[in-house]
Structure formats: structure tokens, C-alpha cells
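Trainee: Sequence:
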Amino acid sequence: MLAVTWNVNSLRARMPRVLELLDTHRPDVVLLQETKTAPEQVPHLELAAAGYQVADHSGGRWAGVAVAATTDLADVVVGLPGSPVPDQARWVEATVAGIRFVSVYVVNGRHPDDPAFVDKLAFLDAMRDRLRELRSAGPVVVGGDVNVAPADVDVWNPAAFRGSTHVTPHERGRLAGMLDLGYVDAVRHLQPEGPAFTWWDYRAGAFHKGHGLRIDLFLVSDDLVEGIRSAGIDRGFRKGPKPSDHAPLLLELDGRAG
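Numbering (the working numbering), first residue to last: 1 to 258.
Warning: the hint list may mix true and false statements.
Label pairs and their in silico Cβ distance ranges [to be verified]: (1) D113 <-> G138: 38 to 48 Å; (2) P39 <-> N157: 31 to 41 Å; (3) H170 <-> D201: 38 to 48 Å; (4) A159 <-> R12: 31 to 41 Å; (5) R26 <-> G227: 13 to 23 Å; (6) P241 <-> P81: 16 to 26 Å; (7) R61 <-> P84: 16 to 26 Å.
The set of hints was computed from the structure by calculation and includes no laboratory data.
Just so it is clear, CB atoms sit at the ideal spot from N, CA and C, and this is done for glycine as well.
Using the sequences and the hints given, assemble the complete structure.
Mentor: Right under this line is the structure:
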């Protein structure tokens, strides 16, 4: 089974690139974030023509998440229980081929002194609680923009980010606590060291300079770990016409295709 998670930074603006991704890789499951799409504007017909059905949590101009798959989506759940921002579309779950897939877009937090940072920590706490419940029920794959760089190696220049969101002990500690529930960071499971960035600012040639962050993750329940065959980005989708500022992250699992 091949799964992809991608913060597309506007699904309508990036739809040609999304269709290109589907045609190039033919993933079984696609997790999208920051779709920025009103419910009635989700391109169900275009995605169906490409062979995908979609479960979405859409809120209009901001946020937005979706799960798309080539097979049936079962037991769809929209919204994160206990979220401090329930009016924001940041969480959707569905079961595909016996695996619970989650697409998540964590609150950015802006700055540690901003009220939004309190919401971010509360969202991470609610996410941890939900992941505990899901782990007790069966195999889980969580993919999305978690807006946390797990370690200094996941930041192009740690000194430049001191005092900023994404790298604080509060955020990293909460993410580590999720892993302690019985999940692995798929990329770090296969590549324990070295940069593996997923996001680069549009400005100042950051992508070409390698000035990135690793903030898009696949968290895989430990009962699926032996089946992880590959995990990494497709850099080509951060290039070319109208790219997102994130690259798609691909995860290949053995023996779970529908």
C-alpha cells in the first residue's frame, strides 16, 4: 500500500499538481491538508474521475483536511474531540483496508507569546488523547502537517529558530508523548539521522538553498512497523508551476492494499 500526505496550500489552486501526483504515483490513500476549500467546492467529481473517493472536513478560506482513497472509506469521523478550535477544519479520519487513517493539520501557533500557541498545545493534547484511543482499537496511520520540527536536525538552522514556535520543548515533548503511545515516526524509523525537510519558505530561494523544516510526518502504529518499506518526499512537486510550499511525503507499507 502506498499512502501520501501533502499540505497543498489550497486544493483548488493546486488541483493540477494533485492530479499529476495521483497519475505519477497512483497512491492507495492520500491525506491532504490546508485545502482552503468550502464544503461545496471540494472537487469530488475531478477526484472521482481520477479514481478516488473523498472524505473531507472543509471550512472555507482557512485550514481544511481530507482523506482520499481508491477503495471504500469506512467509519468517517470529522473533527478532533477536545479540540480548542472546533470551528477550524483540522482533523478527519477514515478506515481503509483495515487501517485507520488520519489527516491532521495542527494549529501553527504563530509565536510562543501568542494566544494561538496556547491553542496549539491544547490541540496537541487532544490529538494525543485521540491517538491513544485509536491505538487501542487497531492499526493506525496518521499523516499531516503537525507544525512541529521533532528535533534540531529537522531545522535548517536551529539557532535561527530559537524562541520561535515549531521547536519549543512544549511542542516537541507533546509529539514525543504521542510516539510513546505506540507509534513511530516513519521517516526517522528508516533514516535515523540527517535532514529530511518537507517545507521551505517561498521567499529568498529557501528551497534551492536547503533552508527547510521537517514538519510533515507519518506516525505509524507499531503493529505496522515491520511493513514500512519506504518513507520520503517527492522533491519534484516542490518545483515546477504553482508548487505548494510543502512537498508530498510518501509512505509505502507491505501487505495492506485494498
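Trainee: Is it true that P241 and P81 lie within 16 to 26 Å of each other by Cβ?
Mentor: 39 Å, violated
Trainee: Given the hint of 38 to 48 Å, is the C-beta distance from H170 to D201 inside that range or not?
Mentor: Since the Cβ atoms of H170 and D201 sit about 23 Å apart, the hinted range of 38 to 48 Å is violated.
Trainee: Using the Cβ atoms, figure out if P39 sits within 31 to 41 Å of N157.
Mentor: Holds, since P39 and N157 (Cβ atoms, about 40 Å apart) stay within the stated range.
Trainee: Go ahead and decide if the range 13 to 23 Å is satisfied by the Cβ distance of R26 to G227.
Mentor: Since R26 and G227 have Cβ atoms about 19 Å apart, the given range 13 to 23 Å holds.
Trainee: So does D113 sit 38 to 48 Å from G138, Cβ to Cβ?
Mentor: 40 Å, holds
Trainee: Assuming the hint says 31 to 41 Å, is it satisfied by the Cβ distance from A159 to R12 or not?
Mentor: Cβ of A159 to Cβ of R12: about 38 Å, so the range 31 to 41 Å holds.
Trainee: Can you tell me whether the CB distance of R61 to P84 sits inside 16 to 26 Å?
Mentor: This hint holds: roughly 20 Å between Cβ atoms.
When each numbered hint is compared with the structure, violations occur for hints 3, 6.
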